[in-house]
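Starting from the known structure of chain V, arrange chains A, H and S on it as the hints suggest.
Residue numbers (my numbering), protein chains in the order written: chain V, 5 to 349; chain A, 5 to 349; chain H, 5 to 349; chain S, 5 to 349.
Watch out, some of these pointers could steer you wrong.
As the list makes no split between identical chains, a pair holds if one copy fits it or if it spans any two.
Here are the simulated lysine to any residue pairs, SDA-like style, with alpha carbons at most 25 Å apart [unchecked claim]: (1) 208 to 335; (2) 8 to 146; (3) 208 to 50; (4) 208 to 194; (5) 208 to 191.
These are calculated hints, taken from the structure and not from any lab test.
Number of protein chains: 4
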Amino acid sequence: MQAKIRVGVVGGTGYTGVELLRLLSQHSFVDLVVITSGAEAGIPVGEFFPSLGERVPLRFSPRDSVELGTCDLVFFATPNGVAMRAVPELLAGGCRVIDLAADFRLTDSAVWAQWYGEPHACPELLAEAVYGLPEINRERISSARLVANPGCYPTAVALALLPLVESGVMALDSLIADCKSGYSGAGRQASIGLLAGEISESFKAYAVSGHRHQPEIEQTLRSVSGAATLQMTFVPHLVPMVRGIHATCYGRLIAPAELQTLYEQRYQSEVFVDVLPAGAYPETRHVRGANQCRLAVHQLSDDRVVVLSVIDNLVKGAAGQALQNMNLMFGLPETEGLQQVALVP
Amino acid sequence: MQAKIRVGVVGGTGYTGVELLRLLSQHSFVDLVVITSGAEAGIPVGEFFPSLGERVPLRFSPRDSVELGTCDLVFFATPNGVAMRAVPELLAGGCRVIDLAADFRLTDSAVWAQWYGEPHACPELLAEAVYGLPEINRERISSARLVANPGCYPTAVALALLPLVESGVMALDSLIADCKSGYSGAGRQASIGLLAGEISESFKAYAVSGHRHQPEIEQTLRSVSGAATLQMTFVPHLVPMVRGIHATCYGRLIAPAELQTLYEQRYQSEVFVDVLPAGAYPETRHVRGANQCRLAVHQLSDDRVVVLSVIDNLVKGAAGQALQNMNLMFGLPETEGLQQVALVP
Amino acid sequence: MQAKIRVGVVGGTGYTGVELLRLLSQHSFVDLVVITSGAEAGIPVGEFFPSLGERVPLRFSPRDSVELGTCDLVFFATPNGVAMRAVPELLAGGCRVIDLAADFRLTDSAVWAQWYGEPHACPELLAEAVYGLPEINRERISSARLVANPGCYPTAVALALLPLVESGVMALDSLIADCKSGYSGAGRQASIGLLAGEISESFKAYAVSGHRHQPEIEQTLRSVSGAATLQMTFVPHLVPMVRGIHATCYGRLIAPAELQTLYEQRYQSEVFVDVLPAGAYPETRHVRGANQCRLAVHQLSDDRVVVLSVIDNLVKGAAGQALQNMNLMFGLPETEGLQQVALVP
Amino acid sequence: MQAKIRVGVVGGTGYTGVELLRLLSQHSFVDLVVITSGAEAGIPVGEFFPSLGERVPLRFSPRDSVELGTCDLVFFATPNGVAMRAVPELLAGGCRVIDLAADFRLTDSAVWAQWYGEPHACPELLAEAVYGLPEINRERISSARLVANPGCYPTAVALALLPLVESGVMALDSLIADCKSGYSGAGRQASIGLLAGEISESFKAYAVSGHRHQPEIEQTLRSVSGAATLQMTFVPHLVPMVRGIHATCYGRLIAPAELQTLYEQRYQSEVFVDVLPAGAYPETRHVRGANQCRLAVHQLSDDRVVVLSVIDNLVKGAAGQALQNMNLMFGLPETEGLQQVALVP
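Chain V extracted, bound-state conformation (with noise of 0.2 Å):
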């Protein structure tokens, strides 16, 4: 029989925080022995989420907690730049880590620290550290100590973009990446600007001077393509609704393709990937709750292809990967406990 993961969570307070803890408790093999939050110590999980109710029956811990010492792994749901302060110490005493946030998902030091506003605090990490989609490095994370999750945005456009990119056949400067996500992306803070008197009803685009996942994007596809520079156009907006993103991604061929048969070949063996038939439709809340990427391809004309790709951000984007890479660290299916089917309506 199956030992259980003991599992440590920091910071558990934000939409990607009570979503791994929704996955993490309904997971046959996980043990989940301490949940952190400096704000909310103390308090009963099942009290500060009440949809969680008796599913979690621990309280939050405090921050420096020394049981997150005693797990085998511990997911990182905090802030961008909290992870790499613990990390190296973490690592250290034998625990394997998943960051949901940023910290490890560029391996360039320089720009990362570009992007995020301070010096990396243990760039020595960044080379080890395994970007967390399996669907192009699941060896390496199958082994790996420390997990860079992906961002949202990067999974629904990289997944969207694979194959065209790896096989060659677009021309690398002619992307781009018109994104819509819903507002549980933006996380749970108090402002203003994410009130639902400010963001219902309407529509907007943000960050089109430049948004974090777009390096993060980058250097994904010019790994996989092989190509020394790649610039892409990315522009995120908010939609009015909870979650789910929908990226299409326009591009132009520079060989002929048969593109339903190429992302069909690539996908075949990925179970939380589905390629739609030929010019169909795939819809957010078809994946609404489920660890799934949901494709199509359109091409236009003779060069001009369209790619839709929806997931559920907080799943396939986040909390239902973390779960996805933590099978493949520790030699589990990689479907346990990932397959809730979608909530429709």
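The following block gives chains A, H and S in isolation, referenced to the frame of chain V:
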């Protein structure tokens, strides 16, 4: 090892249907053998409901599929008036039946005919049918051939009022249930009144002059109160959200009572009913996708009481409760397949 | 030709404030001379509220702007407790005042202090202040120096119940107001509880144990009933929509009455109150952006009555009613600047 | 004193129809004499659309009402293919016409037939019809007998791209318009796909393989660029909100340009087009209910440009623009009846 239950579903193309399939497809002891639909016969279920994907690898069968007769249990997720025409034959053939519509909810065929606008097709079965609210009929459900799954409003209201009515502390002529439901409760029919452009960003009451759930609630409360007559005021409203029912129930006490204790004791062994601390506010989101009722009691003065009750109308108010009844009928743990954590946010 | 009214607004950065500015900027006889905001002083109003654009070509002035003293009329769209500290000086200087907050709504300073948590700063003005519900106080408003603009719930509930209470046909101890409000009523403050991620797609009650609008409603109904005491049950709920209040009011008749006629006669000359046909269902969307209350009466049995009432909480429930009061105070047609048609869909 | 325009409306029961009636009923120089509806003939308009209430004291007339022929101006707010069958007779009788549908938007009858699936009924009028985008055709509209009111997407995209295309700085084969629309744009028909239960809380693309607004946009941009051919990529998406269009337009510069200046100069005298500061983010809520387009230009690199454009699809994208055209046709101030401030929140 538990043998699987051979299950058939009649009419799986509405919102109750897809929710039933979502839950059945994740239940460890269910073998889903046939799903019928007059209109969609031949269509793969996973194409009609992309959220189900590969999880339900069947095609819709014609309405009169003979495979239904081979099932241990047949669910009807059909409009009112369909089940009563097919159930006698299925029962005669040895199937057991759970009807998620209203055909067997009222014990008096004359009352049924009055509210549903036609004579009942098999009034002789009304006495045998068991009203499937486990919190009052657990034993009878276990041995039932035919279970009438309660309506969504009746579930929310009955669970809110049972302790008060059973204990005799309530003035039975003082009961008011002001109820609010998300629009998935109105079903999946092409009608102007259900368009997003008509019901989003708006709130209204409906059916004040008489809703079919009213005699159902009154029947339940009469049965536990022993009173010959009991008439309540029931006003349903439409909330611009997909899922969830909130019942706000008002009444007058005729005897002093320790209400919080009364509720906690009444439901202490009910795993799907949570009694919140006195004065709390249940929110529908905290049960989204979960088979749970959350209740809070507010005593406003010596005699005025308000009870707040929330359920997911498609789960504890329909498909989830149907699985709970199935578990009871087939000797399974009552929570089997029903431990999904609510989807928040 | 009518001279323009010199108008000042104190505290124009909340939802009530921007709605007031929307309406004032379209009023033919208003000269908007100063808008103050402690936090936003110096910022162009049209930059802070892009919807106003060029229509309000002012910058926010500091809170203590001397220009306020030069106005014919000053509106307070501030949090509770602000107006009462500034009003005496403005009145002394010859300004007239409409307070959209609660400082002058209750006539009894002890009751005010109990509900608002501090002693009243100018209790001597409570007797002079006129409660600005034109449907009961039109004459007094016309000559008032100081008008207390009613709360949103109190407007919806009072208009729903006035005919029954004034005519003496109602059991005054039977009154229940089950009210539902969109979230713009909760204001524009950075708080977790008002995030879109928290309140969209969910429904809940709040403040059951006591809401500040309850004594306000009771005071109004007492004043028209002549009863020394009157206690109602008032339960507010939060609806996942931006605008709109729906009050569902319950009561028992103590004398026979022709209710539809009673309502139609009571409101026959009220241009902003529509009595719908008996048994109709008012919807909040039909008054979105309009200064209108729509009512429908349902008699359920010999003695049970339900009255449904909808308003836009920011218009007839706040800023629109304030302009209606201004029109009365300055001898303008009551409908001046208030004939916007509701925005549907 | 200006004589009133005798106005008729054909087909006033959809969302464009009710918006047109909302605006016409508030216009000082309109005498609304007849509103036809095949299905609703005889029904009071204010009963069908309670938001209009007493403001439109007419009943729907039969489709072939002779009163249409007595009008100075007839608006068609009908499905595509209706106006072209009735317009020749109306013009012959001396009426002028504004068609809010697509019958007269394309100048080439063969292209029209290809996209709309039938031969055009009066191709001889296509050359005379003036495309009703005042920002390019103001003079011609003033003297037109027949105005083709632009589509909603075409309005948002054309206004976004006009300065770039007119000035010749744009690579015409690089144009992409990724557009997002609220669901009121899909009309008011009883179809499953428009149910609140299907489209709320979800996001999807549609019509990627070809949308009727694409040839319309291309025709407009060709006409101002002088290019013989111009093909753009156009991908529309459905946003879970009622009103609003957001166009995100991408392109490559072929010549250096001072973009912000270019836009500000191009639109400096256009009262209904606001050019925001460089790098700003227009939001659809800021034009809700208003006849306004808000634009912002983002230059991402030497040659990559993104232009963001928002309108209310029912106002500047339909009924508001129709009134703007009417004002031009009848020599009224262009802003008459169109100065509503956006409804925020």
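- request: Up to 25 Å between alpha-carbons, please classify residue 208 paired with residue 50: within, between, both or neither.
  value: between (35 Å within a copy, 18 Å between copies)
task: Pop the pair residue 208 and residue 335 into one bin, within, between, both or neither, using alpha-carbon distances up to 25 Å.
output: This pair counts as neither: shortest intra-copy Cα distance 43 Å, inter-copy 36 Å.
message: Checking an output row: residue 208 and residue 194, CA cutoff 25 Å. Within, between, both or neither?
response: both (20 Å within a copy, 20 Å between copies)
task: Measure nothing new, just compare the shortest in-copy and cross-copy C-alpha distances for residue 208 and residue 191 to 25 Å and report within, between, both or neither.
output: Cα proximity of residue 208 and residue 191: in one copy and across copies (17 Å, 22 Å).
task: Can you give me the call for residue 8 and residue 146, within, between, both or neither, at a CA distance of at most 25 Å?
output: Classified as within; 17 Å inside a copy, 35 Å across copies.
Against the hints set out earlier in the document, a violation occurs for number 1 only.
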